[in-house]
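> Sequence:
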Amino acid sequence: MNHPENNPDYKGLQVNRGVTSQPTVNPYRRPRARRPRLSAADYVEGILKGNVTILGQAVTLVESTVSEHQQLAQEVIEKCLPYSGNSRRIGITGVPGAGKSTSIDVFGLHVLKDGGKLAVLAIDPSSERTQGSILGDKTRMEKLSQHPSAFIRPSPSAGSLGGVARKTRETIVLCEAAGYNNIFVETVGVGQSETAVHSMVDFFLLIQLAGTGDELQGIKRGIMEMADGIAINKADGDNIERANLAAAQFRNALHLFPPTPSKWRPEVVTYSGYFELGIDRVWDMIDRYFDYVKKTGYFEQKRNEQEKYWMLETINEQLRNDFYNRPEIQALLQQKELRVLNNEQSSFTAAHDVLDRYYELLRLSCS
1 MNHPENNPDY
11 KGLQVNRGVT
21 SQPTVNPYRR
31 PRARRPRLSA
41 ADYVEGILKG
51 NVTILGQAVT
61 LVESTVSEHQ
71 QLAQEVIEKC
81 LPYSGNSRRI
91 GITGVPGAGK
101 STSIDVFGLH
111 VLKDGGKLAV
121 LAIDPSSERT
131 QGSILGDKTR
141 MEKLSQHPSA
151 FIRPSPSAGS
161 LGGVARKTRE
171 TIVLCEAAGY
181 NNIFVETVGV
191 GQSETAVHSM
201 VDFFLLIQLA
211 GTGDELQGIK
221 RGIMEMADGI
231 AINKADGDNI
241 ERANLAAAQF
251 RNALHLFPPT
261 PSKWRPEVVT
271 YSGYFELGID
281 RVWDMIDRYF
291 DYVKKTGYFE
301 QKRNEQEKYW
311 MLETINEQLR
321 NDFYNRPEIQ
331 ALLQQKELRV
341 LNNEQSSFTA
351 AHDVLDRYYE
361 LLRLSCS
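By the numbering used here, the letter at position 268 of the sequence shown is numbered 268, and the numbering carries on one by one without gaps.
Calculated from the structure, these hints are not laboratory results. A hint or two may mislead.
[Said to hold, decoys possible] Straight line, CA to CA, 27 Å or less: simulated DSS-like cross-link-like pairs of lysine-lysine: (1) K295 to K167; (2) K113 to K263; (3) K336 to K302; (4) K308 to K263; (5) K143 to K113; (6) K308 to K336; (7) K302 to K79.
Keep in mind the model is a prediction, meaning the values are calculated, not measured.
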């Protein structure tokens, strides 16, 4: 290469040696110590002592898809089961923008003022393309996130609602074992997730808004039938009259629905989460519900039905995973898809062929 300093025209040019490059890694920085690998007994001991750090690590273990992690997580859950079941599990849902996170912030502070501990488990929607989630629920629960007796854990749905619901159900067990006697489960909004959340909570609260047009059109009938109580948010200022009118409309609508399995008639109240007005009304309604279902025996009955439901759901999930993760089935599915798309075979007979092959593989593995 031609360098200016080698040109005869620059005889008087003197080139000094440059400074030797410094290492990019700080030589004075100590290497970070690896986190010690915890056993199932270590996890259980930390959880039972109420160690929030170990509880968070255990929840991460439950959410992991690594087979080794799943085995360890199931062992931890089994050992925590005898210490669970001693909390109030409350599901909270509502249309997007109804103020669920803000309401949970003030509801949580209301609960904690009488003592006890609160865990908030939020199912956060994931992008269908990138599978990423914002997980920003803590930013909307400013006061509660700083409370020493509160544990807030958002979980990404990652496009698999059933799996996340199961993991949320298992996280409830861990939180109860850690001494959290109040559990809030916040859903992503009005949709399919409500059915899954309803199957893991004792009380299902629907948060609605007034003054947004036809109030009864903004919510599906199925969600209304699942609700044990409806709370009209933002009942403050000029919106109080509209909130009271919406509450009356919802009460009239609830009269048209068949009786709930618990025979409890859902109540409708108004409140303002932002201005912290009427929070007592919401919680008095929830207290009345728990008094009622425990007196009638429905509380234990519902818990038992939920345990059976989740056993069957786990079986369904394991069968589904085993079916789709078999290489032979994956290859056969691709062949059958092409035949169906080319109108060479109907979708029903193709499905039967794939299932027959799956049953044959199961017989061969058992023989």
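> All hints, please: hold or fail.
Hint by hint, here is what the structure shows:
At most 27 Å may separate the alpha-carbon atoms for a hinted pair to count; K295 and K167 exceed this at roughly 31 Å. For the hint pairing K113 with K263, the CA-to-CA distance comes to about 31 Å; that exceeds 27 Å, so the pair is violated. Our distance criterion of 27 Å between C-alpha atoms is broken by K336 and K302, whose separation comes to about 43 Å. The straight-line distance between the Cα atoms of K308 and K263 is roughly 21 Å, inside the 27 Å bound, and the hint therefore holds.
For a cut-off of 27 Å, the pair hint linking K143 to K113 stands: about 13 Å separates their Cα positions. This hinted pair does not check out: K308 and K336 have alpha carbons roughly 35 Å apart, beyond 27 Å. Of the pairs offered as hints, the one joining K302 and K79 holds, with about 23 Å between alpha carbons and a cut-off of 27 Å not exceeded.
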